[in-house]
Amino acid sequence: MAEKRTMTLNLTPTEMEAVEELARRKQLSKTAVIRQALRLYQIVDARMEKGDKLFFEDSAEKKAEVMMI
Amino acid sequence: MSERPIEIIRREGEIHVPAIVYDGLKPADLVLIERAWGPTRLRLLQELLGRDVPRSEWPESLHWDWSRKADELRYLEATGFGIVCEREWQGVMLTKTVSHVAQLPAEKGRPLVYVDYLESAPWNWRIRPLGQEGQYKAVGTVLFREAVRQSVKEGFHGRVGLHALPKAEEFYRRCGLTPLGRDRRKQNLTYFELGPTEAEGFLRD
Chain R
58 MAEKRTMTLN LTPTEMEAVE ELARRKQLSK TAVIRQALRL YQIVDARMEK GDKLFFEDSA
118 EKKAEVMMI
Chain D
673 MSERPIEIIR REGEIHVPAI VYDGLKPADL VLIERAWGPT RLRLLQELLG RDVPRSEWPE
733 SLHWDWSRKA DELRYLEATG FGIVCEREWQ GVMLTKTVSH VAQLPAEKGR PLVYVDYLES
793 APWNWRIRPL GQEGQYKAVG TVLFREAVRQ SVKEGFHGRV GLHALPKAEE FYRRCGLTPL
853 GRDRRKQNLT YFELGPTEAE GFLRD
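Chains R and D supply the protein sequences, listed in that same order. Just remember that our numbering sits 57 ahead of the position in the first sequence, which is counted from 1. Just remember that our numbering sits 672 ahead of the position in the second sequence, which is counted from 1.
If you are wondering where the hints come from, they were derived from the structure by calculation, not from laboratory data. Do not take every clue at face value.
Claimed, not checked - Each computed BS3-like pair below joins lysine-lysine, with the alpha-carbon atoms no more than 25 Å apart:
1) R/110 <-> D/768
2) D/741 <-> R/110
3) R/107 <-> R/119
Unchecked claim - Quick list of simulated restraints, FRET-style, between CB atoms:
4) R/103 <-> D/688: 40 to 46 Å
5) D/773 <-> R/103: 18 to 24 Å
6) R/82 <-> D/674: 28 to 34 Å
7) D/740 <-> R/105: 19 to 25 Å
Don't be surprised by glycine CBs; every beta carbon is placed ideally from N, CA and C.
Chain D on its own, in the form it takes in the complex (with noise of 0.2 Å):
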């Protein structure tokens, strides 16, 4: 596991905070994670249903269970990645490299970095109907801005591509991701990619 010192920024008075992101977790810190996050989400699911907040307000990866995923870490196409700050992990993200490839028309067929799962503490989600403003802010960009710098590392070229989640698409395209419709295989979510410029342009800024 390689390491890089980086910072997030705690969102009570938006103070750059240093942490470190790790490349190259092994399958037993997927479970650790979970065994850390697990109690915050079911906190956060009580608090929901308790307050009758309706389903389209609810965090999208309130589900998720990062030790189902420790098995996909066995494969070389796989790469786990995990921020920690304070002793804690603040976010976490699985890529692949084989299983998909460039959609982009100028692209169409060349390997990508392929962002299958990416999220932040449960902690740090900000939950307007139950006031939770979550503590730690740009664990997102650090992590996605991995997967390009990884998109660059592979000779990729800081292709990267991904499935956004509904309230995550304005995000990713502000990153300078191109969405290319809707994907019926993947719960219909909308397809995103980022080509070498944008990439270029992305990792600049």
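Chain R on its own, in the form it takes in the complex (with noise of 0.2 Å):
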């Protein structure tokens, strides 16, 4: 894995909880979260400036766009 580099993240409470609530939730530590989350940032961004859309599939298999803004 590759050199690592440290930097100070400044959160509200709320966020912070919501940080450590995924990070009970999936096993992770605070830093995975952030690094997941900015990998699918990164995906989401990318097929967006494309001109891709951004859909959620329910259970059976219902399509909903997610509005981004």
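Two chains, each in its own frame: build the complex with the hints.
Listed below in structure tokens is the structure:
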């Protein structure tokens, strides 16, 4: 794995709670949660830049477009 | 790109030979790998056609083209691994960390390393109808081990998922992966997953 760099991340208490909750549910460190979020954001952003749309599909395979702003 | 010494097995004489596994391949590496492997793929295709070998006996990844997968390495979620032995690429793997999550009931929704593609060099394939035995063995095992190691390093507790080509299913069962059924969204291939306990056992062996 590549060399790592350190940064300070300032979060509101609510944002920190969200990170901690995700870390607990996904069995990840808080750093890993942020890294996964960044990776996902990069993919979504690249696809949206190309003009693609983002959909979620429920268990009945019904699709709903996610409006990105 | 980081590197680590490993060993693969030269089939002739069953000799363990030193090799290097690279982690963090660049898009250009995949283009160069396909340039090196492409002529052998083409020769094998011509021989298979020339001898009327039934398609069911063809190597399942004969049609792959790593240069077409190069763009995927632009994303943070993708990692390319490759093995070099005797100055030639002997195997390549592309993994992803975001686009799939665990399906095993006890692990559902948790992150894993998904093995998108894993292939040994065409001269390493055993193709009985052509009398080709393959030069090196254990390339797939070494690469799969790297996926499990990546999962541990990422903090994913060794979870690994993949869709197996039919002829590779037995290999992944032996590695301790659990088959979770066919996936009609992925050419009806069987989806396999390795859980944390099995990953620990696999890395220990």
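Going through the hints against the structure:
1. Simply put, residue 110 of chain R and residue 768 of chain D have alpha-carbon atoms about 21 Å apart, close enough for the 25 Å limit, and the pair holds.
2. Of the pairs offered as hints, the one joining residue 741 of chain D and residue 110 of chain R holds, with about 22 Å between alpha carbons and a cut-off of 25 Å not exceeded.
3. Using a Cα cut-off of 25 Å, the hinted pair residue 107 of chain R and residue 119 of chain R holds, with the two alpha carbons roughly 24 Å apart.
4. The beta-carbon spacing between residue 103 of chain R and residue 688 of chain D, approximately 42 Å, falls within the hinted interval of 40 to 46 Å.
5. In this structure the supplied range 18 to 24 Å holds for residue 773 of chain D paired with residue 103 of chain R, their Cβ-Cβ distance being about 20 Å.
6. Between residue 82 of chain R and residue 674 of chain D the C-beta distance comes to about 31 Å, which sits within the given range of 28 to 34 Å.
7. Between residue 740 of chain D and residue 105 of chain R the beta carbons are some 23 Å apart, a value that agrees with the proposed interval 19 to 25 Å.
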